[in-house]
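Asker: Letter by letter, the chains look like this.
There are 2 protein chains.
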Amino acid sequence: MLRHVTAALMILAAPALADPLPSWSDGPARQRIIDFVTDVTDPASEEFVPVAERIAVFDNDGTLWSEQPAYFQGIFAFDYVARMGQDDPATLTTDTLKAAAAGDYATVLGGGEEALIEVLGAAQTGRTIEDYQAEVAEWLATARHPYTGMGYDTMTYQPMVELLRYLRDEGFKTYIVSGGGIDFMRVFADRAYGIPTEQVIGSYGDTAYAVGDDGMPVITKTAPLSFLDDKDGKPINIMRIIGKRPIIAGGNSDGDFPMMQWTTAGDGPRLGILIHHTDAEREWAYDRDSHIGQLVRGLDEGPDMGWLIVDMANDWDRIWTGAR
Amino acid sequence: MLRHVTAALMILAAPALADPLPSWSDGPARQRIIDFVTDVTDPASEEFVPVAERIAVFDNDGTLWSEQPAYFQGIFAFDYVARMGQDDPATLTTDTLKAAAAGDYATVLGGGEEALIEVLGAAQTGRTIEDYQAEVAEWLATARHPYTGMGYDTMTYQPMVELLRYLRDEGFKTYIVSGGGIDFMRVFADRAYGIPTEQVIGSYGDTAYAVGDDGMPVITKTAPLSFLDDKDGKPINIMRIIGKRPIIAGGNSDGDFPMMQWTTAGDGPRLGILIHHTDAEREWAYDRDSHIGQLVRGLDEGPDMGWLIVDMANDWDRIWTGAR
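Listed in order, the protein sequences are those of chains A and B.
Okay, so the first sequence: first residue is 0 according to numbering that gives the first Met the number 0, each after it adds one.
Okay, so the second sequence: first residue is 0 according to numbering that gives the first Met the number 0, each after it adds one.
Hints are computed from structural coordinates only; laboratory data are not their basis.
Check the hints yourself; a few may be wrong.
Claimed, not checked - Just a few of them, taken from the derived set where beta-carbon distance is under 7 Å, the chain A residues facing chain B:
1) 74
2) 203
3) 235
4) 243
5) 264
6) 267
All figures in this text were calculated on a predicted structure; none of them were measured in a lab.
Think of the CB as a built atom: it goes at the ideal place given N, C-alpha and C, for glycine as much as any other residue.
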């Protein structure tokens, strides 16, 4: 029993002892986050929010980890089709798949959404969720980013990892709400961010339930995309799965605009956190004209809605969790 | 600080002190549940399951509350259309709606799924989630069950309410996985069962996100049914939203069969709990031939899969949470 009491005391005491955001520069962005969290968790504050309502949602690509030169899940799919072709060239049945296997991104992207869905379909359907996730895990363990040479799941943003932990220590439930696929993200979300599978919301395809000849049921991935968790899909999915309006939303592109707008338009204290990629030296600098993570409305309208615009170059002392 | 420590001690000590399932008869069903929970929560047991994997899912209609003479959400929809017709007879634009408003269940059900969807659509779309939920709350506060005279949300099963609380006390996350609508169930799930909105999984319709002239975003219910969380839809939705296989599943009809099969086919300790409606005196007795909650496969195949079959008449000392 004494051990339990000591553990309980340590849990009660821990948050106050350490700097919760050591990788954030000592400036207004960091201060604004700490002030917000301090206010909503103080029972004596007018801004107090009960634990059940402390919901924080974050985009993943470009908000919690990098997304250049292409979404990492897209790179996985291209890598997968390339290996498929090495194992058996006959599996590359179309020009699109041949282009993907050759790493010819331009040709595939030139084929529009249909071509991209074909590549995603080849890489992500026709097997069980477990088999697919084992392949993603293997890829994460071995593949390296073309520019940094780092493992993809080490290119998470250390300041955001700290923010997620800080929020959880203060009674928040932290969610991912991403255009990325749920089965893909769930492979690393717990390890990388401390976010369990049931708090990973994202895009998904169709699945089918069937019982095999051995009597064992399996769930098979049958179609690559039936719900795109982007733009209006984000607040729609939040209300469908979480069922209440978050009080914190973080994103980095106009795909996150409706989610952040929905969150910060609610009554009471709300915080929108927009990650602005300003650091060409340590990461990438891109916004209005980017082919990925395009950001226009957030920069134009976010400040009027009171959003915190995080300047990565100035507000973050460190970028990635992993070492380059 | 002393107050916090005392509170922590009370939380640590509470589960061991009280009978966790006072409304269950002192028999093998109750004992099997307690043995299972004791095993999976004992770090010294070979059957130990870490907290993160302690996921328990339960059907709602017929498993956590009654479902006779019709699903309560269906009664809400008929009541709603009746009031709609009283307020403005011109809103009853079809024979189906006129029949629903007259309480003529036979005619509506004779029109098949299409007619039922029409009634559900009239009662549950064309307004925001908040407005819809305010109407459900008003209905729950005033409507009374035609046979018992009880408020619908007091016709929850007290033994199951105790089971949910017991599981949470032992580190489980408890979920509803129901054919009922998410926006409907979320009105009372926390109050009635202690289950927060984000752990309520169910059927849902389409919604649309839009920003009004006043700049405020709203989410509107636009179509009554786009995903039916029943039969194969239950394990599919579990893997889509929770992302891991539960270790406990409870249900009462063949609509729950795949969810219970999926749960209990997993490796390690698993518990399937099938509620058998055997109590014509205190509730209702129905199974193989019932128009609602039909139960055939569960009775035939459940015992071979090791499911616990709960005999309501013998295993429950008390049925409802509310007084008749």
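Asker: Would you mind marking each hint as holding or not holding in the structure?
Answerer: Here's how the hints hold up against the structure:
Hint on residue 74 of chain A is violated. Least Cβ distance to chain B is approximately 22 Å, over the 7 Å limit. At about 6 Å, the closest approach between the beta carbon of residue 203 of chain A and any beta carbon in chain B falls short of 7 Å, and the interface hint on this residue holds. Annotation: residue 235 of chain A was flagged as interfacial toward chain B, and the flag holds, the nearest CB pair being 5 Å apart, inside 7 Å. With 7 Å as the threshold, the beta carbon of residue 243 of chain A comes within range of chain B, its nearest partner Cβ sitting at about 5 Å, so the hint holds.
Interface hint at residue 264 of chain A: satisfied, since its Cβ lies 5 Å from the closest Cβ of chain B, which is below the 7 Å cut-off. For residue 267 of chain A, the suggested interface contact is broken, since its CB lies about 15 Å from the closest CB of chain B, more than 7 Å.
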